[in-house]
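Next come the chains, spelled out residue by residue.
2 protein chains.
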Amino acid sequence: MAALEKVLERIDDNQEQALARLFQLLAIKSVSTDPAYTDDCVKAGQFLVDQLQELGFEAGLRPTAGHPIVVGKAKAARPDVPHVLFYGHYDVQPADPLELWQTPPFEPRLAEPEPSHKIIVARGATDDKGQLMTFVEACRAFKETGDFPCNITILFEGEEESGSPSLPGFLAENKAELKADLALICDTGMWDRKTPAITTMLRGLVLEEVVIHGATRDLHSGMFGGAVVNPIHVLSKIIADLHDAEGHVTLPEFYEGVTELPKDVAKQWRELPFDEHHFLKDVGVSIPVGEKDRSVLEMIWSRPTCDVNGIIGGYTGKGSKTVLPAQASAKFSFRLVGQQKPEKVAESFRAFVLERLPADCKAEFISHGASPALQLPFSSEVLSRARRALQAEWGKEAVLAGSGGSIPIVGAFKQDLGMDSLMVGFGLDDDRAHSPNEKYELSSFHKGTRSWARILNALAL
Amino acid sequence: MAALEKVLERIDDNQEQALARLFQLLAIKSVSTDPAYTDDCVKAGQFLVDQLQELGFEAGLRPTAGHPIVVGKAKAARPDVPHVLFYGHYDVQPADPLELWQTPPFEPRLAEPEPSHKIIVARGATDDKGQLMTFVEACRAFKETGDFPCNITILFEGEEESGSPSLPGFLAENKAELKADLALICDTGMWDRKTPAITTMLRGLVLEEVVIHGATRDLHSGMFGGAVVNPIHVLSKIIADLHDAEGHVTLPEFYEGVTELPKDVAKQWRELPFDEHHFLKDVGVSIPVGEKDRSVLEMIWSRPTCDVNGIIGGYTGKGSKTVLPAQASAKFSFRLVGQQKPEKVAESFRAFVLERLPADCKAEFISHGASPALQLPFSSEVLSRARRALQAEWGKEAVLAGSGGSIPIVGAFKQDLGMDSLMVGFGLDDDRAHSPNEKYELSSFHKGTRSWARILNALAL
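In order, the protein sequences belong to chains A and B.
Throughout, the working numbering is defined as the position within the first sequence, counted from one, plus 438.
Throughout, the working numbering is defined as the position within the second sequence, counted from one, plus 438.
No lab work stands behind these hints: they were computed from the structure.
Check the hints yourself; a few may be wrong.
No copy is singled out in the list; a pair is fine if it fits within one copy or between any two copies.
[Stated by the list, open to error] In silico EDC-like links for lysine to aspartate or glutamate, alpha-carbon gap of 20 Å or less:
| no. | residue 1 | residue 2 |
| --- | --- | --- |
| 1 | Lys581 | Asp488 |
| 2 | Lys513 | Glu691 |
| 3 | Lys800 | Asp720 |
| 4 | Lys730 | Asp798 |
| 5 | Lys834 | Asp867 |
| 6 | Lys834 | Glu709 |
| 7 | Lys481 | Asp858 |
| 8 | Lys511 | Glu802 |
| 9 | Lys759 | Glu647 |
Predicted model only: the values in this text are computed from it and were never measured.
Here chain A stands alone, though its shape is the one from the complex:
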């Protein structure tokens, strides 16, 4: 029997014990935002340290200004194997409102909503305790049947649900120790219950605020209206100009660095059972507004966008006031993909505004941050291996998904430690993360563990 076969068999044989260990972790009330649970956070961290030590990891709780960070390190006996850093978080969202839970949130249980469909119900089941334990259990199976296939560093933080305040400093201070060949992250979802997914793209973000100043004070619109510039009009014209009739963003050179999907990925996306109509209907609309030649999945995963997130100017109370306002402002966000450069987009945007600014107006710019898109190259060997591993486990090709939102840790790994991230997760859209009755599919837990075994094995070949 090949080594991997033994590992997978071990995982299958150990399901009950694995679930018991996960339940132990789920029973700890490691709510990071509420100081009342500080001790529970330490307890959850210590539980994981114990688990890792049991598996031969050199592991410990590392203090921060907030909740401690778990770091564990294990070396494979074989030389010249890859070094991976696995990231997860042991803290969970508050469980409120408690009255909406069918059973207490920190009393994990197995439920069977329909025959042969089992779910693990508890706060943190899918976000992120169930997910991180798939990796720990995979490590256990390797350890119990032989040796680790890779050098493995593990990083579990306890503040993800409160914005990870301690993590950036910790990464900076421990660069040498934490740097690996590749980061593995298990905090994303599957395409559906039977189809695995690898999140290979995270859009970048440029946040710009603009204040347009006209007259030196608010004026009577009867006395000055028609003659004196209205900053709301100026701002509206700028916003209107930012898209053409085809839904493209009109900033000069905006699409520089935007690459097309490889043919096989494009084909995969086209063939995905994604119901655009249903996706839009869910939020009360029916017609996609993005680039006319793109699918909705492209619009939200692989194409750059521009949205105004807020606008204000003049009188906004009840009734009317005939004021010609002295200023108006708006907050813009640009989602970036591929090799788009945040600083170039910000510059181009500011130039765009200034070009449209009447000589009489002033524009004040405020940056609220900028970060590039993150992409695991489609051609990378790591991705090929992970795809093959997931295909072997699930009998279906893994969807190469994008994510419109940002996952800050991925940016930090890339920028501070120079590592790409392989994001494979087994959550489902209906897992109720952050909501009452959070759950994790038992199949996600079991086959997720098997998936990591296959991936670790594939990475080391």
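Assemble the complex: chain A is given as a structure, and chain B must be docked to it using the hints.
Leaving out everything else, chain B in the frame of chain A:
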């Protein structure tokens, strides 16, 4: 000596006494907004009733829910003379901040800021006690030298500075009594210290608020941005579309009913020493934004406009929030001139919005009022006579001015009583109405009185 000569001579001979009577009125603290001065308001009204009765008017205080209204009526002995209704207000603005007054606001005094330049300083000097007394003193001179040239009704209200809450009801209840051939109003200004003005045009107003609804709830702009409609974009496009590059309003048929100025008026405006640059510089700008083929005076007096008075949508707090808002709203005001129909403009605007509304969005409309422009026809005999009278008094042609703002009483006279209003006033831009150290030029008071004598005489010829 002709009758008018005697009247004017009488006015000249009586200057000292006239000033004494005005000072008596100015000494009464008739602040309408502050209940502490309720008795003073009655006192001011009664003072005017006494004045009118002295001149043979049938006059009295008429109760309202607020401060009383003074109504006085006098008939000329000669039959078939015109019947005029004179309107003014005896209430004044609060005097705060008191510490900024050089002398107490209700202790009227004559000052001489430079040789041969005398001013009357007191709260209400220009707004409106000094102005209304020019008419009363003109009546006195007629009475003391013979008879009134017209049938005269006088209407002094005591709530103008608090929004005239009682006046509409009073007009409606006393239509038959108050209806005259023409209303005379002395609550506006001169062009400059030596040039009289007649305000012949008040722009109308259409106030419309629009709420654009998109998705059923605020969305994460990373997850949905680029695919789901953004109501701020939709609203901005509508606002941007409302003007063309030449500054014209693009609503279909918007300019229907807008008439050109008569040639002589256009010529007068062109030749007025109006410094556009100075007017704009005063409020911190330098380039007029209205219709490119129009002067600034036209923009603010005789041309219709569209301004957004307020806009709000999405996140408007500090920093950033990557929200794709469910709605955005804006308040629009249209200033109307000539025969533009408010209801047609409102309809056209709503159709304009609906035409530009993506199928996915809904628009909610809220009207905050609509009123037509008011114009004393340039060709009217009344206007010709008033112009000649003012020319005779001041030795300069009266400026036929417009006003961008609204004067509600003029609309009420037109709509409820079917009367045009002749607006002649002697205030100056630097009179500090509503501010500390309010003043009225002594020459305005004296020559204003003479002006009314000439106008009344001219109207009766």
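Against the structure, the hints come out as follows:
| no. | hint | in the structure |
| --- | --- | --- |
| 1 | Lys581 to Asp488 | within (15 Å within a copy, 110 Å between copies) |
| 2 | Lys513 to Glu691 | neither (47 Å within a copy, 80 Å between copies) |
| 3 | Lys800 to Asp720 | between (41 Å within a copy, 17 Å between copies) |
| 4 | Lys730 to Asp798 | between (36 Å within a copy, 16 Å between copies) |
| 5 | Lys834 to Asp867 | within (19 Å within a copy, 81 Å between copies) |
| 6 | Lys834 to Glu709 | within (13 Å within a copy, 84 Å between copies) |
| 7 | Lys481 to Asp858 | neither (31 Å within a copy, 85 Å between copies) |
| 8 | Lys511 to Glu802 | neither (49 Å within a copy, 61 Å between copies) |
| 9 | Lys759 to Glu647 | between (26 Å within a copy, 11 Å between copies) |
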